[in-house]
Amino acid sequence: MAERRFSATRLPGFATIAMLAFLALYIPILTLVVYSFNSEVTMGNWGTATLDWYAKAWANADVKDATLRSLTIAGFAAVISTALATMAALGTTRRRAFKGQTFIYVMINQPLMVPEIVTAVALMILFGLIKTVTGVHGLGYLILAHAAFCIPFAYLPIRARLEGMDLTLETAAADLYASHWHTFRRVTLPILMPGVIAGAMLAFVVSLDDVVITEFVKSAGQDTLPTYMLGQMRRQLTPEINAISTGLLLVTIAMLTAFFLLTRKKD
Amino acid sequence: MQRLLTATALLLASTGLASAEGVLQLYNWGNYTSPELLEKFEKETGIKVTVTDYDSNDTALAKIEAGGHGFDLVVPSANYVQIFSEKGLTVPLDLSKLPNHANIAPEWKDVVWDPGRTNSVPWQWGSVGIAVDTEVYKGDVNTSAVWLEVPDELKGKINVVPEMNDIVSLATMYYGGQPCSEDLEVLKKARDGLLAAKPNWISMDYGATEKMSNGDWAASVNWNGSSMRIREAKGSVVYGYPKEGYTLWMDSVMLLKDAQNVEEAYKFLDFIMAPENAALISNFAKYANGIAGSEAFMDPAMATAPEVVIPEEFKAAGVFMPVCSEKSREYMTAIWTELQK
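These protein sequences, in sequence, are chains A and B. Number 158 in UniProt numbering belongs to position 158 of the first sequence; there are no gaps in the numbering. Number 331 in UniProt numbering belongs to position 331 of the second sequence; there are no gaps in the numbering.
Hint data in this document are derived by calculation from the structure and do not stem from the laboratory. Note that beta-carbon positions come from the ideal geometry of N, C-alpha and C, so glycine has one too. Mixed in with the good hints, there may be bad ones.
Claimed, not checked - Have a look at the derived ranges for each label pair, beta carbon to beta carbon:
#1 A:Leu250 x B:Pro35: 25 to 33 Å
#2 B:Ser56 x A:Lys56: 21 to 29 Å
#3 B:Lys40 x A:Trp58: 19 to 27 Å
#4 A:Thr16 x B:Lys188: 48 to 56 Å
#5 A:Ile130 x B:Glu185: 49 to 57 Å
#6 A:Met113 x B:Met164: 31 to 39 Å
#7 A:Gln110 x B:Asp205: 35 to 43 Å
#8 B:Glu36 x A:Leu112: 44 to 52 Å
#9 A:Leu51 x B:Pro162: 50 to 58 Å
#10 A:Thr50 x B:Lys234: 21 to 29 Å
#11 A:Val114 x B:Asp192: 41 to 49 Å
#12 B:Phe284 x A:Leu112: 36 to 44 Å
#13 B:Pro35 x A:Ala258: 31 to 39 Å
Said to hold, decoys possible - Each computed DSBU-like pair below joins lysine-lysine, with the alpha-carbon atoms no more than 30 Å apart:
#14 B:Lys267 x A:Lys64
#15 B:Lys211 x A:Lys56
#16 B:Lys48 x A:Lys64
#17 A:Lys64 x B:Lys234
#18 B:Lys109 x B:Lys97
#19 B:Lys97 x B:Lys257
#20 B:Lys138 x B:Lys243
#21 B:Lys40 x A:Lys64
#22 A:Lys56 x B:Lys109
#23 B:Lys40 x A:Lys56
#24 B:Lys43 x A:Lys56
#25 B:Lys234 x A:Lys56
Using the sequences and the hints, build the whole thing.
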């Protein structure tokens, strides 16, 4: 130990605090998963291990409908928000720093700062007006709402990728008489792709898990999986909800793992 | 971008035109609508019912007030029925389209929150009373004294459900008042009574169904449906109706002002007031429904259960939570906060 560089990991109590934090994060989730295999209806009592609740959730037509709807909304929202976020990221990074840059960042990331319930109520009122005037219902409203709050989640990884990118590559392409579009299509976009995909996946997961905005914006017959689960609260919750939650958790974990693999630095 | 806009517009429009004939949009509490009932309705009328869930009266009210919701029917609790109709969010029912309206049991026809039942039809109702294991306590169970002046046998073995409205109302009635009281003298007695009784309670918690079934608790202030399930698991448990007063709740179906499928809605309302169909609702969610003659079609165990069918002598003591004044709610919250300490 000739050289003593500062490292947070050597501070006293580091391991203890880290372990406690991990426990606090994962014990509730583990409990939920374990109880999804409980044969007893009530949560506190453990019976025997069973897969019945998974079978029941699988056979439940309402759950099926809500799942399909959730996936549809998340798919559309991810595509729309990623397209917009890519444009925003290009617009804010592929140029010299400009006046009001910070302001633009804040504007784009607004959904991260404004409390979700505020956005939800605002959207409910606005969409309520539009729905009343036009008489047009449909899933489009939910998709637009989700696309809007997903933009910052898609924007951040794309911007991070762009910031690590060499501006001279594009200059080189221009020197070789590539048109703007050609440069973007053949140089910028391919390098950017991992960021775009990561952004899209993050947006997808965020849309899939949303409760508050969906609960307020949804019209008749538009329950998503999370709002369906919320609706079960008044009557006894059964491990079927645990089983559904575990399923939702698996999708989220799969997406996040893919996100991690795509964004990790290749040294 | 052009294509994107077109696609979005098409998407917005596509499902918008779905208010064609043969559909009905029901906005109801989650896990509360019998799938069997909807299947039967569709088979008989060709109308497909879509159920959308909510988890509180407030959520439902907020969404319907915002407009453009697309729902036809909503199922608010008793104290919200008046709010919906006073705000003009729902419309009075055309009783000539509801021949089965005559099936509403007499005691549910002239309710305080909807005299003559011109705005709402019954969905389900229940009560809050006391479940007591008679192996532990042999005294009178039909009094709030069981939990407010806890007898020795039950000390440290009785639970109270953490429902502010019900608990404060039960206590107020025990000390001679009415729910939503603003009478400080009665409220003070209720508060003192609750605070004095609390050390004798084992907990203020949900989950009586399992904790009493396995004998962890010997008694609990509890809902009737849950108490019935306890009795089925443990035969020595009885459900008491406090003679000083106990609370009732009822959820009723209302027709929304901007309903798109009005004819279908009337068909559904009439349908659920037929005794054999009302029984389907009860069999699914395990609460009574308010339609005379439906007992004949209910699960036999339910139709005769003393938890579901209130014995004649206790009927008068049941009261509905009215819409409380601002002031009385403040008092109630203050008492509740003190009780939670």
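Cross-check of the supplied hints:
Restraint check, A:Leu250 to B:Pro35: a C-beta distance of roughly 27 Å satisfies the suggested window 25 to 33 Å. Hint check: B:Ser56 to A:Lys56, Cβ distance near 26 Å, so the stated range 21 to 29 Å holds. At roughly 24 Å, the beta carbons of B:Lys40 and A:Trp58 sit within the given window of 19 to 27 Å. Between A:Thr16 and B:Lys188 the CB atoms are about 50 Å apart, so this pair conforms to the stated range of 48 to 56 Å.
The beta-carbon spacing between A:Ile130 and B:Glu185, approximately 53 Å, falls within the hinted interval of 49 to 57 Å. Between A:Met113 and B:Met164 the beta carbon distance is about 34 Å. The supplied range of 31 to 39 Å therefore holds. The supplied range of 35 to 43 Å is met by A:Gln110 and B:Asp205, whose beta-carbon atoms lie about 41 Å from each other. Between B:Glu36 and A:Leu112 the beta carbon distance is about 45 Å. The supplied range of 44 to 52 Å therefore holds.
One distance hint, 50 to 58 Å for the beta-carbon pair A:Leu51 and B:Pro162, is violated here, with the actual separation near 34 Å. Remark: the range hint 21 to 29 Å for A:Thr50 to B:Lys234 is upheld by a beta-carbon distance near 24 Å. As the Cβ distance of A:Val114 to B:Asp192 is approximately 46 Å, the hint placing it in 41 to 49 Å holds. At about 42 Å, the CB distance of B:Phe284 to A:Leu112 agrees with the hint of 36 to 44 Å.
A C-beta distance of roughly 37 Å is found between B:Pro35 and A:Ala258, which places it inside the suggested range of 31 to 39 Å. A C-alpha spacing of about 28 Å is found between B:Lys267 and A:Lys64, which places the hinted pair at or below 30 Å, so the restraint holds. As the CA atoms of B:Lys211 and A:Lys56 are separated by approximately 25 Å, the hinted pair is consistent with the 30 Å bound. Between B:Lys48 and A:Lys64 the CA atoms are separated by roughly 17 Å; this keeps the pair inside 30 Å, and the hint holds.
Distance restraint check for A:Lys64 and B:Lys234: the Cα-Cα separation of roughly 37 Å exceeds the 30 Å cut-off, and the hinted pair is therefore not satisfied. Only pairs whose Cα atoms come within 30 Å are accepted, and B:Lys109 paired with B:Lys97 is accepted, the gap being roughly 17 Å. Distance hint between B:Lys97 and B:Lys257 is fulfilled; the C-alpha atoms sit about 17 Å from each other, no more than 30 Å. Restraint check for B:Lys138 and B:Lys243: satisfied, since their Cα atoms lie roughly 17 Å apart, inside the 30 Å limit.
Proposed proximity of B:Lys40 and A:Lys64 is supported: the alpha carbons are some 21 Å apart, at most 30 Å. Restraint check: the Cα-Cα separation between A:Lys56 and B:Lys109 comes to about 39 Å, which exceeds 30 Å; the hinted pair is violated. A C-alpha spacing of about 22 Å is found between B:Lys40 and A:Lys56, which places the hinted pair at or below 30 Å, so the restraint holds. Restraint check: the Cα-Cα separation between B:Lys43 and A:Lys56 comes to about 24 Å, which is no more than 30 Å; the hinted pair holds.
At roughly 28 Å between alpha-carbon atoms, B:Lys234 and A:Lys56 fall within 30 Å of each other, so this suggested pair holds.
Of the hints listed earlier, those the structure fails to meet are numbers 9, 17, 22, in rising order.
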